[in-house]
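K.L.:
One letter stands for each residue in the lines below.
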Amino acid sequence: MAGKPKLHYFDARGRMEAIRWLLAAAGVEFEEKLIESSEDLDKLRYDGSLVFQQVPMVEIDGMKLVQTRAILNYIATKYDLYGKDMKERALIDMYTEGVADLGEMIMLLPLCPPDQKNTKLTLIQDRATNCYLPAFENVLKSHRQDYLVGNKLSKADIHLVELLYYVEELDPSLLANFPLLKGLKTRVSNLPAVKKFLQPGSQRKLPGGEKSLERARKIFKF
Amino acid sequence: MAAKPKLWYFHGRGRMESIRWLLAAAGVEFEEEFLETREQYEKLQKDGRLLFGQVPLVEIDGMELTQTRAILSYLAAKYNLHGKDLKETVRIDMYADGTLDLMLMVALAAFKPPEEKEESLALAVKKAKTRYFPVFEKILKDHGEDFLVGNKFSWADIQLLEAILTMEELDASVLSDFPLLKEFKTRISNIPTIKKFLQPGSQRKPPPDSHYVEVVRNILQF
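Heads up: the sequence lines are chains A and B, in that order. The opening residue of the first sequence carries number 57 in my numbering; numbering runs sequentially from there. The opening residue of the second sequence carries number 21 in my numbering; numbering runs sequentially from there.
Bear in mind the hints are in silico, worked out from the structure with no lab data behind them. All C-beta atoms in this analysis are idealised placements derived from N, C-alpha and C, irrespective of residue type, glycine included. One should not assume that every hint holds.
[Stated by the list, open to error] Taking beta-carbon pairs under 10 Å as the criterion, some of the chain B residues facing chain A (in silico):
#: 1; residue: Gly82
#: 2; residue: Thr86
#: 3; residue: Ile91
#: 4; residue: Lys98
#: 5; residue: Thr109
#: 6; residue: Arg111
#: 7; residue: Leu190
#: 8; residue: Val194
#: 9; residue: Tyr232
Here chain A stands alone, though its shape is the one from the complex (with noise of 0.2 Å):
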């Protein structure tokens, strides 16, 4: 029996955390190796444990993953979330990386200088108010279907609503005029899997504060 996926990166949701949610939404068990010091990491390193030197990585299948949409696709084909054909796949692909665009801004918010956070946040808010969150609340109307594609969950839709509350814990305010998006986030956050991700105590992450930003800073020397 193979054994359980293994997830190496620090204490923060950072990269890691769109897998964590793909693999809980999955219903697959995994262990997790955190990484708490940059000597942690060279470890990892001179092991020859990770191509390019960066995580995240994921030991799985006997191999050992980076690159987080290698990843990402690999979970999502192996466990039947990446639509039925490759026209479908297409269209995942396209939601998936507009979702990782958006997410990519949030993410990195709290490493802005002081002096630079009020633009970006601004920024952040008009880019999903105006361009991602209406495009795929577009999705959602054209086909009234419960997920964005195929009428069938995929990764695309775990992605997404994951993003969703992110941007609800930046800006509540930014998801008033998109109900189906509110439908699709509750549908999803309804899923047994996904429910109990969302309980306190799971391998869900919280939103790192000034202590997990030092430490990121320590171990990966930026």
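Start from chain A and add chain B according to the hints.
P.N.:
Just chain B, lined up with the frame of chain A:
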């Protein structure tokens, strides 16, 4: 008979160049529409053809695909350049995604102020020499095969050749420590479709110059 794919982008490399490489390597003829004015760009947006308001846009198989990686992944699968099974696909994704990160560093550097631009390009060359090329040299050394994955030409090989040639434009000696990559470069460059793409007069685009930067800034208004 299916229409040729149609590419919408500026008249330069940017985020579209990897897509041009993949189509050319697959022997697929494609058409291009070049964005030269703000009005053209706004029309594409108003017509609802850009899901997130951005290019690259590729019209293919009745779809209007945006998001570079979604497009590349679709093309790789369509033209049998994405491995024969999931384990090969994930390796191709890891290698191509890592190399694409490097290409985007170079593409984005063009838009920075002169000093920052030089720093960014120097950093890209450094990463190529210390983080990326050693990995690919070792992969080729370990299996002794002609191609990176599965003893068969794939997207990973195309992306790596593009990276090698781009880096050589910045630093002609970049492959000096990598004998197998030198052989790889020659071998892949001699594949008939790629050889053709490397000839003058092909759809391959030149490195970004100040005119290109000006046009893009004007159209995207930044």
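K.L.:
All the hints need checking, so say for each whether the structure fits it.
P.N.:
Comparing the hints with the structure gives:
Look at Gly82 (chain B): its Cβ gets to within about 8 Å of chain A, closer than 10 Å, so that hint holds up. The interface hint given for Thr86 (chain B) is met, as the beta carbon of that residue sits about 6 Å from the closest beta carbon of chain A, less than 10 Å. Interface restraint check: Ile91 (chain B) against chain A, minimum CB-CB distance 8 Å, threshold 10 Å, status holds. For Lys98 (chain B), the suggested interface contact is upheld, since its CB lies about 6 Å from the closest CB of chain A, less than 10 Å.
Annotation: Thr109 (chain B) was flagged as interfacial toward chain A, and the flag holds, the nearest CB pair being 7 Å apart, inside 10 Å. For Arg111 (chain B), the interface hint holds, the least distance from its beta-carbon to any beta-carbon of chain A being 8 Å, beneath 10 Å. Annotation: Leu190 (chain B) was flagged as interfacial toward chain A, and the flag is violated, the nearest CB pair being 19 Å apart, outside 10 Å. Given hint, Val194 (chain B) at the interface with chain A, is violated; its Cβ is 17 Å from that chain's nearest Cβ, farther than 10 Å.
With its C-beta approaching chain A no nearer than about 23 Å, Tyr232 (chain B) sits outside the 10 Å limit, and its interface hint is violated.
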